[in-house]
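Asker: Fit chain E with the ligands to the given chain D structure using the hints.
Sequences listed follow chains D and E, in order. Anchor point for the first sequence: position 205 equals 205 in the numbering used here, and the numbering is continuous, going up by one each time. Anchor point for the second sequence: position 19 equals 1019 in the numbering used here, and the numbering is continuous, going up by one each time.
It is worth saying that the hints were derived from the structure and are not from the lab. Warning: the hint list may mix true and false statements.
Only part of the chain E face toward chain D is listed, based on derived beta-carbon distances under 7 angstroms [said to hold, decoys possible]:
1. W1008
2. G1013
3. D1028
4. S1036
Note that beta-carbon positions come from the ideal geometry of N, C-alpha and C, so glycine has one too.
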Amino acid sequence: MTAMTQTMTGNYTGNYTGNEAAGGLIGPQPAAVLDLRGHLAQHGQLPSLGPHDVVRLARDAGLTGHGGAGFPLWRKLEAVINSGGRAVVVANGAEGEPASAKDRWLLTHRPHLVLDGLQLVARAVRAGDAYLYASERHRGLDHLIAERRAAGIDAVRVERAAAPDRFISGEESAAINSIAGGLAIPSSKPPRVVERGLRGRPTLVSNVETLALLALVARRGPAWFRSAGTADFPGSMLFTVGGAVRHPGVVEAPHGTPLTEVLELAGGPTSRLQAVLLGGYHGSWLTAEEAASAAMSRSDLAAYGASPGAGVVVALAEGVCGLAELSRVMTYLAQESAGQCGPCLNGLPRIAEQVRSLAFDGTDAAVFTELQRLSGLVVGRGACHHPDGSVRFLRTGLRVFADEVAMHLDRRCTRTSDDRVLPVRMVR
Amino acid sequence: MTRLRIDWTACDGRGLCAELVPELIERDEWGFPLISDAAVPPGVLVHARRAVAACPRLALSLQAENA
Ligand SMILES: Cc1cc2nc3c(=O)[nH]c(=O)nc-3n(C[C@H](O)[C@H](O)[C@H](O)COP(=O)(O)O)c2cc1C
Ligand code: SF4
Ligand code: SF4
Chain D
1 MTAMTQTMTG NYTGNYTGNE AAGGLIGPQP AAVLDLRGHL AQHGQLPSLG
51 PHDVVRLARD AGLTGHGGAG FPLWRKLEAV INSGGRAVVV ANGAEGEPAS
101 AKDRWLLTHR PHLVLDGLQL VARAVRAGDA YLYASERHRG LDHLIAERRA
151 AGIDAVRVER AAAPDRFISG EESAAINSIA GGLAIPSSKP PRVVERGLRG
201 RPTLVSNVET LALLALVARR GPAWFRSAGT ADFPGSMLFT VGGAVRHPGV
251 VEAPHGTPLT EVLELAGGPT SRLQAVLLGG YHGSWLTAEE AASAAMSRSD
301 LAAYGASPGA GVVVALAEGV CGLAELSRVM TYLAQESAGQ CGPCLNGLPR
351 IAEQVRSLAF DGTDAAVFTE LQRLSGLVVG RGACHHPDGS VRFLRTGLRV
401 FADEVAMHLD RRCTRTSDDR VLPVRMVR
Chain E
1001 MTRLRIDWTA CDGRGLCAEL VPELIERDEW GFPLISDAAV PPGVLVHARR
1051 AVAACPRLAL SLQAENA
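Extracted from the complex, chain E is given alone in its bound form:
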């Protein structure tokens, strides 16, 4: 299964990702992404990939995990 992961040292909290994948990403009161712990559902994967590609700080990635 696949999850979204943030490099917190890189993320600037401007929230572009939350606009691109609102299904999975909300923003906290400071603007930083709050990511659902759940696996990325297949239907949302395209959006998730787009957000990863669009993140200006290369802070967002998709991680494949076992089980």
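In isolation and in its complexed conformation, chain D is listed as follows:
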């Protein structure tokens, strides 16, 4: 049912009729596969595919992006191809989101699948350059990249580029600016990076999980991939499950899996839950009741105004003050503004201030109105979606913690625990 318990025989058989349940990034043995021989023994060689084969595979499999937005990979490949000119491909492993660990897991446990996927997309768009953009903690991957190159399995040279550990570092234009030697901050769009990205060239930026999945699809075929998940979003995805669960960590489950099952994969809740955060700090909160019936697919979650995003799931136990959590994260998100767009630079700190006052000071209902007004002032008024995502996190939180808001306005709080659940990286 879930990939943690799935068998993964994994050898490429040359036919696309495999009927193993999709999944396969984690498999039955979560141990790291770092040496090339071990990787090839487990997964077999990449079949030799032409550019059109790769696009067709991605399309037939229905493989969508796992960096958050869920956009079909094949359409992005076609956009880059149609832009013409010498293309660039980037494996995005920045994972700026502090509550997410799945890309880090992949780069430490399944790096060869990511690098295989990077070669496949490079082939698809006939790229001359390929980059692996990830935190400096992954610099050890240089050995693997060199080893693959020496073994002759990587046709396109791969360069590792360091991603700063900041929230917005992984936004695609920020990634491109950083690789080009500039600051890891977003650019205004248009132009889209598929048209003009790194050094003005058409650029494909794909999340490392998307690429690792493509490497599995190339070996096992689209039908295998489609044997799990939903019609719109086939296959499985990685979830980083944190908060009040017995075994916080990275798990894998098909799109559409009930949220309660995803929590069970991480050992299940350690106590009664009051809320669950989905999709990280640009994501949405669900009440415990909603979480009990929600399924982890884009179409199901849309009913709650939520999305699986890049797979962050954080369970919040009763007794933790949701407003204190909102406050800490909004302060962090304000800090993480790249500071180049006026409404984001000015608005997010003001919003954070108001949330702090709601969470910690004696306050009145005017704060709540002011928060709604300020939120309206930042949404849609930036070069990237940082303001929009931050406001989504806040608004859904205020809805889910409405009772707590009422209590705070009455100078009371239900808090019984001082746990700080949502992780942040403050720089000051």
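Answerer: Structure of chain E with the ligands alone, referenced to chain D:
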């Protein structure tokens, strides 16, 4: 139809545009332009073009959109 668009990374928020096209542009409390979502009416197009040309940061543009 045509809309005004801002490059937020370039705009300095001094508000020259709001003076030139008050019909379409207000300023928020920090001075940054608040642009009406509506299409630019034909009668205002001349003013809008003038604001685009006058923006010292080349942050303002007119975008033609379909439908
Ligand atoms: C503020 C912000 C931060 C982002 N951070 C990441 C990130 O760390 N990793 C990532 O893969 N995508 C990130 N994205 C999404 C990327 O812009 C891009 O859509 C993604 O890498 C495309 O990969 P995919 O199509 O495989 O999902 C971020 C987007 C925004 C707006
Ligand atoms: S919206 Fe905020 S985070 Fe995004 S580019 Fe502008 S200033 Fe930076
Ligand atoms: S004139 Fe240009 S730089 Fe000045 S506020 Fe308007 S858009 Fe921004």
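Asker: Please go over all the hints and tell whether each is borne out by the structure.
Answerer: Here is what the structure says about each hint:
Of the supplied interface hints, the one on W1008 (chain E) holds, with its beta-carbon coming within about 4 angstroms of a beta-carbon of chain D, less than 7 angstroms. At its closest, the beta carbon of G1013 (chain E) sits 5 angstroms from a beta carbon of chain D; the interface hint therefore holds under the 7 angstroms criterion. At a threshold of 7 angstroms, the smallest CB-CB gap from D1028 (chain E) to chain D is about 6 angstroms, leaving the interface hint in force. Taken as an interface hint, S1036 (chain E) does not check out: its beta carbon lies about 13 angstroms from the nearest beta carbon of chain D, beyond 7 angstroms.
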